[in-house]
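Participant: These protein sequence lines are chains A and B, in that order.
Numbered continuously in the working numbering, the first sequence closes out at residue 379.
Numbered continuously in the working numbering, the second sequence closes out at residue 379.
Honestly, the hints are just simulated from the structure, not real lab data.
You may find that some hints are simply not true.
No distinction is drawn between identical chains; accordingly, a pair holds when it is met within one copy or between any pair of copies.
Result set (DSSO-like, lysine-lysine): computed pairs, CA atoms no more than 30 Å apart in a straight line [as the list claims (entries may be wrong)]:
| hint | residue 1 | residue 2 |
| --- | --- | --- |
| 1 | Lys352 | Lys315 |
| 2 | Lys377 | Lys318 |
| 3 | Lys211 | Lys237 |
| 4 | Lys237 | Lys358 |
| 5 | Lys318 | Lys358 |
There are 2 protein chains.
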Amino acid sequence: MLLCDIGNTSFHFKGDSENYKRDVAAFNPATITQKVYYISVNQAVSVKLKQLPNWIDLGKKIDKKKYYETMGIDRIVAVEACTNAVIIDAGSAITVDVVRDDEFMGGFIYPGVNAMQKTYSAISPALEYAFNFDLDLEKLPKNSQDAISYGFLKTLHTEVLSHNLPIVLTGGDAHKIATLFKEARVDEALLFKGMQELIVKKL
Amino acid sequence: MLLCDIGNTSFHFKGDSENYKRDVAAFNPATITQKVYYISVNQAVSVKLKQLPNWIDLGKKIDKKKYYETMGIDRIVAVEACTNAVIIDAGSAITVDVVRDDEFMGGFIYPGVNAMQKTYSAISPALEYAFNFDLDLEKLPKNSQDAISYGFLKTLHTEVLSHNLPIVLTGGDAHKIATLFKEARVDEALLFKGMQELIVKKL
Numbered sequence: 177m178l179l180c181d182i183g184n185t186s187f188h189f190k191g192d193s194e195n196y197k198r199d200v201a202a203f204n205p206a207t208i209t210q211k212v213y214y215i216s217v218n219q220a221v222s223v224k225l226k227q228l229p230n231w232i233d234l235g236k237k238i239d240k241k242k243y244y245e246t247m248g249i250d251r252i253v254a255v256e257a258c259t260n261a262v263i264i265d266a267g268s269a270i271t272v273d274v275v276r277d278d279e280f281m282g283g284f285i286y287p288g289v290n291a292m293q294k295t296y297s298a299i300s301p302a303l304e305y306a307f308n309f310d311l312d313l314e315k316l317p318k319n320s321q322d323a324i325s326y327g328f329l330k331t332l333h334t335e336v337l338s339h340n341l342p343i344v345l346t347g348g349d350a351h352k353i354a355t356l357f358k359e360a361r362v363d364e365a366l367l368f369k370g371m372q373e374l375i376v377k378k379l
Numbered sequence: 177m178l179l180c181d182i183g184n185t186s187f188h189f190k191g192d193s194e195n196y197k198r199d200v201a202a203f204n205p206a207t208i209t210q211k212v213y214y215i216s217v218n219q220a221v222s223v224k225l226k227q228l229p230n231w232i233d234l235g236k237k238i239d240k241k242k243y244y245e246t247m248g249i250d251r252i253v254a255v256e257a258c259t260n261a262v263i264i265d266a267g268s269a270i271t272v273d274v275v276r277d278d279e280f281m282g283g284f285i286y287p288g289v290n291a292m293q294k295t296y297s298a299i300s301p302a303l304e305y306a307f308n309f310d311l312d313l314e315k316l317p318k319n320s321q322d323a324i325s326y327g328f329l330k331t332l333h334t335e336v337l338s339h340n341l342p343i344v345l346t347g348g349d350a351h352k353i354a355t356l357f358k359e360a361r362v363d364e365a366l367l368f369k370g371m372q373e374l375i376v377k378k379l
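With the hints as constraints, model all of the structure from the sequences given.
Facilitator: Quick look at the structure:
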């Protein structure tokens with residue numbers, strides 16, 4: 177079975193023995209002839225896929241009443257895959273969603289690692305540092321690199337921990353963030369697990 | 177007595193009965209002939225002011241050993257003005273500094289309101305919302321505007337409150353942020369108070 181998670185920048189394919197990404201700008205989905213179950217937050221790609229009968233939109237199989245109109249399908253699928261968790265999906269944005277006893281409690285959106293790096297540099301060249309992911313979260317910073325790293329990461333960390341639930345990390349920057357979220361479990365395949373559950377339940 | 181706080185974008189003057197700002201790009205400091213006590217985080221302006229004998233750099237009067245090399249003089253002066261506080265200076269960046277029993281414990285730097293607004297818009301047009309400063313901080317969001325507002329503001333709020341100290345808000349965006357920090361005292365003149373204390377102590 178071939179699954180595909182389509183974001184703003186890439187198609188992420190996962191089969192029984194395959195796992196690869198293709199650039200949204202360069203890849204032509206019509207070159208895939210087998211059946212593909214997909215989710216997409218990319219409107220432009222979604223429109224194209226409607227013309228290809230072998231591409232099956234899993235987003236249509238979801239009861240969206242539990243969520244909200246503009247919530248990304250990737251977040252919904254991740255929530256569907258969890259029972260009790262704070263789910264952190266670290267990509268171009270960092271989405272944080274809370275599930276308690278299978279119920280979606282709500283969630284928030286924080287800028288991703290690259291976006292936040294650019295933000296600090298744009299405020300002042302004096303803030304143009306790479307983030308320190310080995311930061312000591314227990315200590316208030318006394319240098320500029322740690323001052324922006326703490327601003328970006330400790331604020332997120334404190335908020336996430338306040339929900340007292342197991343933490344699941346996924347997305348392209350999950351491993352960077354994992355250094356600071358020592359309590360978290362990294363699950364790179366979380367979205368694909370959610371998609372597989374949907375297929376079993378709904379098809 | 178005329179005081180001046182010089183940032184990246186403006187000269188902020190405060191006299192006995194005056195309080196006004198001048199744009200850094202357009203204002204010529206040589207047009208001021210009276211004595212001015214100033215602090216500056218603007219390197220280009222600082223260089224010019226060294227040529228003007230009536231402009232007195234208060235930054236030179238500070239014992240910087242308690243702080244760190246690259247810490248902005250505005251943050252240091254605010255810390256000097258407080259005994260027990262979390263000081264939030266909300267400008268192009270939001271600096272947060274902790275003082276306990278007159279001792280500087282450290283601090284961090286978070287992006288300012290305008291910077292963060294641009295960050296979300298740049299990640300995706302789907303995140304192009306104005307922040308909701310009337311957000312309910314006790315409730316996880318279930319709509320996009322609140323999801324980014326919570327991401328920006330609740331994370332900061334949770335971290336600031338974790339220090340269990342009185343909160344003082346200053347800077348150009350202090351009033352926007354104050355809606356969410358109901359526990360905070362807004363003190364727009366905090367830096368000028370710190371400067372005045374320095375003058376009394378050191379001159």
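Participant: Each hint needs a verdict: does it hold in this structure or not?
Facilitator: To see whether the hints hold, each was checked on the structure:
In this assembly of identical chains, Lys352 and Lys315 lie within 30 Å of each other by CA distance both inside one copy and across copies; the values are 20 Å within and 28 Å between. In this homomeric assembly, Lys377 and Lys318 come within 30 Å of each other (Cα to Cα) only across copies, at 25 Å, whereas the closest approach inside a single copy is 52 Å. For the identical chains of this complex, Lys211 and Lys237 are intra-copy neighbours only, at 16 Å inside a copy versus 72 Å across copies, given an alpha-carbon limit of 30 Å. Taking the shortest alpha-carbon separations for Lys237 and Lys358, neither the intra-copy value of 35 Å nor the inter-copy value of 43 Å comes in at or below 30 Å.
Proximity of Lys318 and Lys358 under a CA criterion of 30 Å is satisfied in both settings, with 23 Å inside one chain copy and 28 Å between copies.
In summary, the one numbered hint that this structure violates is 4.
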